[in-house]
Amino acid sequence: MTDSPKSPRGAPILSLRGISKTFGAVSALTDIELDIHAGEVVALVGDNGAGKSTLVKVLAGVHRPSAGTIRVGGQEVTLDSPARAMQLGIATVYQDLALCENLDVVANLFLGHELSPWNLDEVAMEVRAWTLLQELAARIPSVREPIASLSGGQRQTVAIARSLLLDPRIIMLDEPTAALGVAQTAEVLNLIERVRDRGLGVIMISHNMEDVRAVADRIVVLRLGRNNGIFDRSASHQELVAAITGANDNSVSRRMERKEART
Amino acid sequence: MTAPLDRADQRLRADDGLTGALRAFFDRVRAGDLGMLPVVVGLVVISAVFTALNPVFLVPNNLVNLLFDCATVGIISLGVVCVLLVGEIDLSIGSMSGLASAMVGTLWVNEGWPIGFAILSAVLVGALVGWIYASLFSRLGMPSFVATLSGLLGLLGLQLYILGPTGSINLPFESPFVRFGQLMIMPHWFSHLAALVPGVVILATGLRRRARRLRANLSAPAPTGLILKAVVLSAALEFAVWYLNLGRGVPWMFGLFVLLVVALDYGLTHTKWGRSVLAVGGNREAARRAGINVARIHATAFMLCASLAALGGTLSAARLASSSQQAGTGDVNLNAIAAAVIGGTSLFGGRGSAWSALLGVIVIQAISSGLTLLNLSSSLRYMITGAVLAIAVIVDSLARRSRISHGRA
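Order-wise, the sequence lines are chains F and A. Its first residue numbered 1, the first sequence is counted upward by one per residue in the working numbering. Its first residue numbered 1, the second sequence is counted upward by one per residue in the working numbering.
You may find that some hints are simply not true.
Beta-carbon label-pair distances, calculated as ranges [what the hints assert, rightly or not]: (1) F/118 to A/240: 54 to 60 Å; (2) A/293 to F/69: 28 to 34 Å; (3) F/210 to A/143: 54 to 60 Å; (4) A/256 to F/167: 45 to 51 Å; (5) A/406 to F/251: 41 to 47 Å.
Short derived list, chain A residues pointing at chain F, Cβ under 10 Å [to be verified]: (6) 209; (7) 215; (8) 274; (9) 282; (10) 283; (11) 287; (12) 403.
Hints listed in this document are in silico derivations from the structure and should not be mistaken for laboratory results. All C-beta atoms, glycine included, are put in the ideal place defined by N, C-alpha and C.
Next up, chain F with everything else stripped away, as it sits in the complex:
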């Protein structure tokens, strides 16, 4: 286990101190500490039930923490609703993306935030959509096709682009590559790097260690609702698995050993 690597620049834009969340007698999160800086990708990893989803929901304003403080840009804040989280610049892309398949890309990007509500400005919205997608170097053939005709990776791109439309400071991605093939995964990872290069803080939740190590500047491991180490991307697979499962002797490492023994 290593110490936290040096932060890329200045004060964190989001910092959590002593965050706990209990559901009845179960404590889903205990004393979580987390710092996110502008322009870095932080991966949140952990086994099932480690508290990743609970932490995301706390940050998205869905659950209120039982204890602890959240600071955004140095100011202590209360995230009591998804709208409040969005207002503070925390955007969330959920795993199921929540896109309307019957509407086209432009309509989905601007859903709930249409320009000139009484006489929709389709031209301005389309121009803004193309500019945003080109900034992200996203490959969407047409923004006037319904979402249903797009591939999984393109849908993920639309969902990420939508979260960027409101100019957030932090964007949280829940399993962005889980449902994607090899090429589409690479595209989404490129997209994540470009979002980071725009100076946003990115929180990425993933089960895929390869993807995590490919883009994350720091890897935060949760285990049974507690911090269980912070790694940089040079951490070995074994180190990560050990931190996630909580032991050097686990089913993953035993498999690896058997495999090495055979070869």
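Here the structure of chain F is known, so what remains is to put chain A in place on it, guided by the hints.
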């Protein structure tokens, strides 16, 4: 000059010009995005069959009567489009229209209220009923199917209660209200002028939109297609008006109906409200997460539906010059829903347009008028109308399946 902003991707086929537009149209149809096509085909077949059986069908005055009937059911159907778009249903529209007709009869004739107030109060009661359905749905989680089915009985009971033992009230024939529902026809010069409006509007808005898109470096279709569309539409409408003017002419009531269709179409396609309605019908959870107040969208859809049903009911009272216990019963309910579905509004939510009420109701009323001319008993008429509705829903389901497999949702 660089490629337009939206044509930078080489994988996208550019459907420019007339052949391109045709190719895009055939692709859409093959993928199950049928739009208005079934209606047009249906109308041609229906007219051919009924004219062959009884030439009176195509006589101008029969078509004028058809338009009078279209207006009342069509306005009810317009409301149905709203609830279908959010993926819900209102089965009590027939009873609502009957209740409205009874209210107008008692308030205006028996109580002596001014006719305007009587109509307004009927429409407001409609809005209230719609609000109750929406509240039952979003607060108590009561399926709209059940809530409105109980509304069907409840409102019918209220209608019978209001009318009391006499059972029917005759409305004065010479009043402007009844004349509006039975006789009032646009002056010929006015109807010809009105028939030009759609073409001019299409051309003007199309050219302005094209100019804006070009200025914003987006691709825009060549104006030839636009001009062709406007000319063909104007010619068709002028011909229709000329033909109707050989008989009595174009009813004002039908004009009111078309005006309401245009207003709803603008609301659905050009406002944030309309976008939210489509989003709620397409994916309720996604709409909620996008910050749309889903309960409020439901409330507006149900309230619009019941208010329009009430307005349609008052107009059908004017059409029949009476408020009776039979108003709104029988096939009114199903005709209004069938019209919306036949016109291309999906029963599954999120797809459709205000125009489907107009086109669908013309199909439904054409069938009904043709069957009446054949002097068929109502037993046969019910069976035939039922079969047409079944075919329309089958086409909708098949098209939906094809859209899913072609990635068009």
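Verification of the supplied hints:
Distance hint check: the CB atoms of residue 118 of chain F and residue 240 of chain A are about 32 Å apart, inconsistent with the given range 54 to 60 Å. Between residue 293 of chain A and residue 69 of chain F the CB atoms are about 31 Å apart, so this pair conforms to the stated range of 28 to 34 Å. In this structure, residue 210 of chain F and residue 143 of chain A break the distance hint of 54 to 60 Å, their C-beta atoms being roughly 46 Å apart. At roughly 46 Å, the beta-carbon separation of residue 256 of chain A and residue 167 of chain F lies within the given 45 to 51 Å, and the hint holds.
The hint said 41 to 47 Å for the Cβ distance between residue 406 of chain A and residue 251 of chain F, and at roughly 44 Å that hint holds. Checking residue 209 of chain A against chain F by beta carbon gives a least distance of about 7 Å; that is within 10 Å, so the hint holds. With its C-beta approaching chain F no nearer than about 8 Å, residue 215 of chain A sits inside the 10 Å limit, and its interface hint holds. With 10 Å as the threshold, the beta carbon of residue 274 of chain A comes within range of chain F, its nearest partner Cβ sitting at about 8 Å, so the hint holds.
Below 10 Å, beta-carbon pairs count as interface contacts, and residue 282 of chain A has one with chain F at about 4 Å; its hint therefore holds. Interface hint status for residue 283 of chain A: upheld, as the beta-carbon distance to the closest one in chain F is roughly 4 Å, under 10 Å. At about 7 Å, the closest approach between the beta carbon of residue 287 of chain A and any beta carbon in chain F falls short of 10 Å, and the interface hint on this residue holds. Annotation: interface hint on residue 403 of chain A holds; nearest CB of chain F at approximately 7 Å, less than 10 Å.
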